[in-house]
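Peer 1: Here's the letter readout for the chains.
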Amino acid sequence: MKGTFRGGVLVLFFVLYAVYLWVGINPALYLIKGYREFYTDLWFFRRFTDFPGYPVEYLARLLTHCYAFPFVASIGTAVLGGAIYLLGFHTFKGSRHADWIVFLPLAVLLYLHTLYEHRILFDLHLLSLFFFLCLFVRLLRLLSFRPFVVFPFLLAVLFYLNGIIVAGVFVVSVCLILIFRKGKSVCWFVYPLECVAVGFVFHLLFDLSVPDLHQEFVDISRIYPFRYGPFVLYLSVCILPVCLHGFDSYVPQENVRRLLLPAVLIILAGWRLLTFDADERNGLAVQHYAINGQWEKALEYAAKCEYPDKDAVLLTNEALYHTGKIYDNLFLYNQSMGSKGLLSAEISNYSEIVPNQDIFLHLGALSLSIIWGTEATNVYGANPYVLKNLVKAYLAGGYPAEAKKILNLLSHTPFQQEWVRRYQPLAGDTLLIDQDKELSACRQAQTPVAVVSRQSAMMNLYLLSQENALNKMAYDYLLIGSLLDNEIDNFASSLVRLKEYGYTSLPKLYLEGLIYHSLYADRAPIRIREFTFDESILYRFDSFRKDLLLAQQNPGQMQEWLENKYRDTYWYYILFRSQLGEEERKEAFLRIIQ
Amino acid sequence: MKRTYIYLLCSLLFFMLPGCDTKKAEQAVETGAYPRLFPDYTDLTVPCNLAPLNFRIEEAGQRFYVRIDAEKGRPIELMQTAADIRIPLKQWKALLHENKGSDISIHICVYDGGWRQFKTIRNHIASEKINPYLYYRDIEPTNSLWNRMAMHQRHLEDFTEEKIADNYRIGHNCMNCHTFNRNNPAEMLFHIRGNHGGTLIYKDNKLRKIEFPLPAVVSAGAYCNWHPDGRLIAFAVNKIKQNYYLSGYAGKMKEVFDIESDIVLYDTETNTVLAYPQIASGERENLPCWSAGGRRLYFVSAKPYAPGQTNEEQRYSLMQADYDPESRRLGEPEVVLASDSLQGSISFPTVSPDGKYMLFCVADFGYFPVNNKSADLYLMNLQTGEYHKLPVNSDESESYISWSDNSRWFVFSSRRLDGMTSKPYICYIDSAGEVSKPFIIPQKDGDYYRTDHRNFSRPELLKERQSLSFGEMKAVIFSEPLTATYEQIPYNK
Chain A
1343 MKGTFRGGVL
1353 VLFFVLYAVY
1363 LWVGINPALY
1373 LIKGYREFYT
1383 DLWFFRRFTD
1393 FPGYPVEYLA
1403 RLLTHCYAFP
1413 FVASIGTAVL
1423 GGAIYLLGFH
1433 TFKGSRHADW
1443 IVFLPLAVLL
1453 YLHTLYEHRI
1463 LFDLHLLSLF
1473 FFLCLFVRLL
1483 RLLSFRPFVV
1493 FPFLLAVLFY
1503 LNGIIVAGVF
1513 VVSVCLILIF
1523 RKGKSVCWFV
1533 YPLECVAVGF
1543 VFHLLFDLSV
1553 PDLHQEFVDI
1563 SRIYPFRYGP
1573 FVLYLSVCIL
1583 PVCLHGFDSY
1593 VPQENVRRLL
1603 LPAVLIILAG
1613 WRLLTFDADE
1623 RNGLAVQHYA
1633 INGQWEKALE
1643 YAAKCEYPDK
1653 DAVLLTNEAL
1663 YHTGKIYDNL
1673 FLYNQSMGSK
1683 GLLSAEISNY
1693 SEIVPNQDIF
1703 LHLGALSLSI
1713 IWGTEATNVY
1723 GANPYVLKNL
1733 VKAYLAGGYP
1743 AEAKKILNLL
1753 SHTPFQQEWV
1763 RRYQPLAGDT
1773 LLIDQDKELS
1783 ACRQAQTPVA
1793 VVSRQSAMMN
1803 LYLLSQENAL
1813 NKMAYDYLLI
1823 GSLLDNEIDN
1833 FASSLVRLKE
1843 YGYTSLPKLY
1853 LEGLIYHSLY
1863 ADRAPIRIRE
1873 FTFDESILYR
1883 FDSFRKDLLL
1893 AQQNPGQMQE
1903 WLENKYRDTY
1913 WYYILFRSQL
1923 GEEERKEAFL
1933 RIIQ
Chain B
511 MKRTYIYLLC
521 SLLFFMLPGC
531 DTKKAEQAVE
541 TGAYPRLFPD
551 YTDLTVPCNL
561 APLNFRIEEA
571 GQRFYVRIDA
581 EKGRPIELMQ
591 TAADIRIPLK
601 QWKALLHENK
611 GSDISIHICV
621 YDGGWRQFKT
631 IRNHIASEKI
641 NPYLYYRDIE
651 PTNSLWNRMA
661 MHQRHLEDFT
671 EEKIADNYRI
681 GHNCMNCHTF
691 NRNNPAEMLF
701 HIRGNHGGTL
711 IYKDNKLRKI
721 EFPLPAVVSA
731 GAYCNWHPDG
741 RLIAFAVNKI
751 KQNYYLSGYA
761 GKMKEVFDIE
771 SDIVLYDTET
781 NTVLAYPQIA
791 SGERENLPCW
801 SAGGRRLYFV
811 SAKPYAPGQT
821 NEEQRYSLMQ
831 ADYDPESRRL
841 GEPEVVLASD
851 SLQGSISFPT
861 VSPDGKYMLF
871 CVADFGYFPV
881 NNKSADLYLM
891 NLQTGEYHKL
901 PVNSDESESY
911 ISWSDNSRWF
921 VFSSRRLDGM
931 TSKPYICYID
941 SAGEVSKPFI
951 IPQKDGDYYR
961 TDHRNFSRPE
971 LLKERQSLSF
981 GEMKAVIFSE
991 PLTATYEQIP
1001 YNK
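One line per chain: the protein sequences are A and B, in this order.
Here the first sequence is numbered in my numbering, starting from 1343 and rising by one per residue.
Here the second sequence is numbered in my numbering, starting from 511 and rising by one per residue.
Keep in mind the hints are simulated off the structure, nothing from the lab.
Note that this is a predicted model, so its numbers are computed, not measured.
Check the hints yourself; a few may be wrong.
Coverage of chain B stretches by chain A, computed from C-beta distances (three or more under 8 Å per stretch; other residues unrestricted) [as the list claims (entries may be wrong)]:
(1) 567 to 578
(2) 684 to 698
(3) 708 to 718
(4) 945 to 951
Each pair of labels, with its calculated beta carbon distance range [as the list claims (entries may be wrong)]:
(5) B/ALA985 <-> A/VAL1361: 48 to 56 Å
(6) B/ALA985 <-> A/VAL1538: 19 to 27 Å
(7) A/PRO1767 <-> B/ARG596: 26 to 34 Å
(8) A/ALA1539 <-> B/ARG658: 55 to 63 Å
(9) A/ALA1743 <-> B/GLY803: 27 to 35 Å
(10) A/LEU1547 <-> B/HIS665: 17 to 25 Å
(11) B/PRO901 <-> A/LEU1546: 47 to 55 Å
All residues carry an ideal CB built from backbone N, CA and C; glycine is no exception.
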């Protein structure tokens, strides 16, 4: 009954955890930050056999690709967690508190799962550790010959599969198990000698030395924002024998004992829910859906983001553009970065590379898209997001050989075959490219002459739109960027080309900008009557002026009211959300209320 | 036990069965066309010590028969269902060994409802060997960022490959410009960029790390070439700039040029950088290369950089200056080949070990041919001064050349396979300067190059295995560099 109850509680916990992963975390989002290059070829496999730690790294990379199927990944991760628990439990089965205390390292692991930099590598490390510890403890108990005979082999295998640090954790754990073990003498002094011998053999085989250990520490510490996360995980495994020994003398009452495990699980679950960063999840979801071309879905998550980072802002704006909502809804989303939220000019942050690669592609800056894509392969490996955009850029740019090569690469990754089948014919017949809506648009947006990129995104937009009157996206971005940065004169001077780009009606955003421009200039840059426009916007501006005056008298109460009523307007953005200095803001305010 | 033997026997028979079908392939219908192979290993001149030319048959079929034969020796026959052809190493070596100087024939039949026989492929086996090792840097195509790279040593007589140094294990630093003295693995150098920056020089069984005396020279050493005596090394020192294009410029994504560059000589015995004003002038001197005898220094030179220059103004001419090792005097540089006469820019002059020929790259501008589709290889006869464009070029970039020590083979980098990654191609050149069709170095998997997306950067032929271990390298990489002294050598005309 006791075992059934405990088993039931555990199964329930892991099932709920799988659901939480699937619905709450969404494992597909791990691929944004944690994608690891993987090919199904034998030569790729061979690369992961020549250094300690590489074999499990290979397996981790293969399993990472399953994150593309969130439901499967959630079940798999929960099963992995369950397996870790079971192995841990059986390692320390003789102890009174083994059933709940094994959750100590699991708690750390489950916390790491909430970080989107998480790598399944650490789950596998934990699994390996407990597997080998369990094996060692079994040998200690069951076999008649001294387990130190097999210890070096266990250590060598674990070392080769998982690397230096995991091997070290194993050694420490074994030592502590032996120290606190009751009963027969275990010739413990043999084990350190065996460790040295194994280390020496690995040094000879792989030229291992202290800098390699240091490098492993450094690389592991760079994965998570909480740098010591992995080390806390490993430490939590090491101290299990100590904890069990410490708790051994505590014999709780039966009813208390039965509730210990559920209590731990409830605390764990509560802690997970409290520490979860929904904003980060939403920001990554924006990237995930935008990169996959699901613009509406991206906007859905963008609306939930309170403090999006730059990548999310870049892709939110791109989604707004592709859905045609940028003119009406731009300011419903965070635009605090100004024109930097539209496009980058230089690689200042690795996480911006992939969003910008996508944006350059649609802006017709195909060379730059390819260059950034190439840099992205250095940072992220051959990530399918990156490779797909490279295929598109190469196809649209007229480089079929390169496109074929990338398609070959994609066909050798798991789960991209359908996409490859769709684009492969285009690499063989470039006339088909013009029939593809997206690619033909990218192709048409190219400049007919070579244009060297500048260190200013706005200048690049200007050059792109200057050289090609078909590049509407560059033109719109130029206008919008000018508005976001309060470069109202630049906005006005670019507006004169509206008709060239096929505009017959003035979008809301441009009309609002034009109205704002009229506060500074005597003459309008365009004849407004040559375009159709929504006249209610003019009345709304009058209303805004009056409400602004009212709000000035009662700022505390009116601020929120103003925001609810006008936050989608350019004027509200300029006064309250833009990066204008204090003096400029005052001037803008005065001009508006005049 | 008895059952086990029966199973074993059946298995043996099963695997032998395909061999029994070779007779059926002989009744094949002739197609009159060559088979499509990947890589293209047809009409070649092959070194007599090269690893098997494994390939993939690109014809549709369920079964594939390949027979490789020659005048002497046992033919190699393969009958299989897989299109990936792996030629047995021992049999291949034996066939090559017995047929040096003559041809081998490759007969291919494909079964696709019936046997089809393709035209026989004939490749010539040269008597001359190629240097058995190829040393290169394995790196992702990149422009400014780097992550993982490694230096590899591939044995060209089989498929073994060693990873000599992995930058992951030295703090992800960049390793570049590995250079050997005349294919000699015992004299080598390479640079480290990043936290543990410096130049590592391996000579006389010692590895040491030096750094250039900045700001006396323009930059740390970059492109370099060993003097034949092994004492001097000519280095280019450059301030490099890159411009990226928004849209492509004649198929180029970017342009690389120097704002400033000079050539200096480094004395390995005295740890001294020797600056000669003739090659450290206002012009942009770059890419030094010693003659075979070491009495002449070749390099490229362009006029000084000025903002607003067009690409066509960034053209390099081929120069030479006489050098006297005894007195350490360098003569006045003279133009060997002006960029105007080619309407192009010259880069990577590389002299054959016998001193007879020079190979160089010509592109429409600049000195960075690896990224330039217009880059082609040219050959100059150093005795007559005549030069011509080689017929081995493609529509993609050809660059970086390494000669074999017998001057009969050279390896160069080419992006002809996919337009984006540099791969090493082997080419034969006879004493009259006639070249054969280049071919890509063979891999164990015929399909390897379909998905390999990394560059074989700076392929260098070595006459022996480089035995310097990574352990020895690491210790020096992490050490403090020794700063070279600087000496200005006055120029007396």
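Peer 1: Which hint numbers doesn't this structure obey?
Peer 2: 1, 2, 3, 4, 8, 9
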